[in-house]
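Q: Single-letter residue listing:
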Amino acid sequence: MPWFRKKKQPKPVRNEPRPSSVPEGLWVKCDGCRETIYSRDVAENLRMCPECGYHFRVTARERIAMLMDAEPAEELFAGVQPVDPLEFVDTQAYEDRLRIYAERTGEPEAVVVVRGQLDAMPVVVAAMEYRFMGGSMGSVVGEKITRAAELALAEKRSLVVVSASGGARMQEGVLSLMQMAKISAALARLREAGRPFLSVLTDPTTGGVTASFAMLGDLNIAEPGALIGFAGPRVIEQTIRQSLPEGFQRSEFLLEHGFLDMVVPRGRMKATLGRCLRHLAG
Amino acid sequence: MAVSEVPFEEPLTELRRRIEELEAYPDDRRREREIERLNGRLRKETRRVYGQLDRWEKTLVARHSDRPHTLGYVERLMDDWVELHGDRSFADDPAIVAGLARFRGRPVAVIGHQKGRGTTEKIRRNFGQPRPEGYRKALRVMRLAERFGRPILTFVDTPGAYPGIGAEERGQAEAIARNLLEMASLRVPIVVMITGEGGSGGALALGVGDRVFMLQYSTYSVISPEGCAAILWKDQARKQEAAEAMRVSAPDCLELGIVDAVLPEPEGGAHSDPDATCEAVGRVVAEALDELCALSTEQLLEGRYRRFRALGRFNES
Ligand SMILES: [Zn+2]
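As given, the protein sequences belong to chains A and B, one line each in that order. Per my numbering, residue 1 is the first one in the first sequence, and the count goes up by one each step. Per my numbering, residue 1 is the first one in the second sequence, and the count goes up by one each step.
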């Protein structure tokens, strides 16, 4: 796509990623090229490998900083907090897990919602936090994304959801499953009203998140090399008793099979989303 | 000799075997009295066994291979059934059946998972695990129903959507997601009956409606107890604990607001008396349709939105 290269590169994001998200230690090993890289070089490169372009995972707040025009973008629905509706205990009590992940990540749940401007377009953005219980979707994630869609509808904004999730959260049982229906219903209303919804899929996006809002964008846009699928690779391998081909369920595979509009490197994501929003809602 | 498909039915199977044996003997008063006595014990024993099922045992009942499947309900409750095939894009998926029928005089569309009986049929139906084309066939028939103003009845009974290479290549996730989106805004009444296993997204993809009902021993869960145990306990054998922890039973789902009502099953489960089960399902579906068909489209869609909008538990500070 030569016309893409002619575009000037997007402006660098205004604020540096938080120190907490830089890999621990001075050096980090890249999963893409296996090179050992200086952590700060990764942090200063939108958390991509300067050698091979491998996309390291980013936190929800780093993502928001990369996409929004002004900081701080106004955070919404931060008061929606998780409870333990089933009094769920596996090898650890769900209540304890929630507390530990909150301490470890500084986030009370697996999604952050903001309102603001993306490349001068009015948006509501929901970014998932993979570090919080694998970005799993329980009642809070469902509620906050639903509210994000409803707010976009009410304020005639576009909706952008950045997914990073292993799927529905087992510890809230079938209530988690129902969040898929709840969010999808809100997206149906947004669609009827003609407000754009851009779904950005990042590594990994699987299970009930893929099988609901992540696949329902007016446009589905993924970062390179992201694992995207319904069933996890291990479940498939156990079912069919053979190993999976190289690149199976990666962004490029989904693009080839027709489920993504495009695969866009992180450095061009904001500009691309902005252009698409102007095409649809400008 | 009959072997119980579920271990806790062993004493019941033994009693049934003895009754059957006696029935083969020539008729006399003593034999009659003995049969009567054994039948009394069987009823008592059935009530005892089924009165104390835990959530894992209910899961086994939900999976029982003699439980009525969608076509069983169609056969007993519907007239003039015309089955429709294919998603108009790739294939026909036998794990989901769809068609047009008359239900107590009312024209309806019926869609449901179909597990199959006997090894050959089970394999052909992929044990009720649909591929994307199954969900796309379902959606095609639902849209057809909408176009012609026919209410939609769905019967949900699946271990889950099939996890295979082809299914992923053809967009299993997209197919399920699409159904959730479209079912939220279909302009005709939708009545959902969970009849067996409500297995995750593969179940929910036929599960968005104006009324959602569950049979007493059916289950509804975000992942199978085995799958949950394998992930959280790193041990599939902990499935009993997983079933308990996830609260997969029908009364649990009623308490959580997931379903509108739980339909009592015959004392020994739906498989012990499919006719009575279907009859009970028919009564509830008819009642629901009467209520829903009296509503305006706006009321219907607003009600459906509110119904799912309210699901979830959280605090707000
Ligand atoms: Zn690298």
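To be clear, the hints were calculated from the coordinates, so they are not data collected in a lab. Check the hints yourself; a few may be wrong.
With the Cβ distance kept under 7 Å, some of the chain B side facing chain A (calculated, not the full set) [unchecked claim]:
{"hint": "1", "residue": "Arg-16"}
{"hint": "2", "residue": "Gly-51"}
{"hint": "3", "residue": "Trp-81"}
{"hint": "4", "residue": "Ala-184"}
{"hint": "5", "residue": "Leu-204"}
Using N, Cα and C, we set each Cβ at its ideal position, and we do this for glycine too.
Q: Hint by hint, say whether it matches the structure.
A: Do the hints match the structure? See the list:
1. Arg-16: 34 Å, violated
2. Gly-51: This interface hint is violated because 23 Å lies over the 7 Å limit.
3. Trp-81: 28 Å, violated
4. Ala-184: Because about 4 Å separates B:Ala-184 from the closest Cβ in chain A, which is inside the 7 Å limit, the hint holds.
5. Leu-204: 6 Å, holds
The structure shown violates the earlier hints numbered 1, 2, 3.
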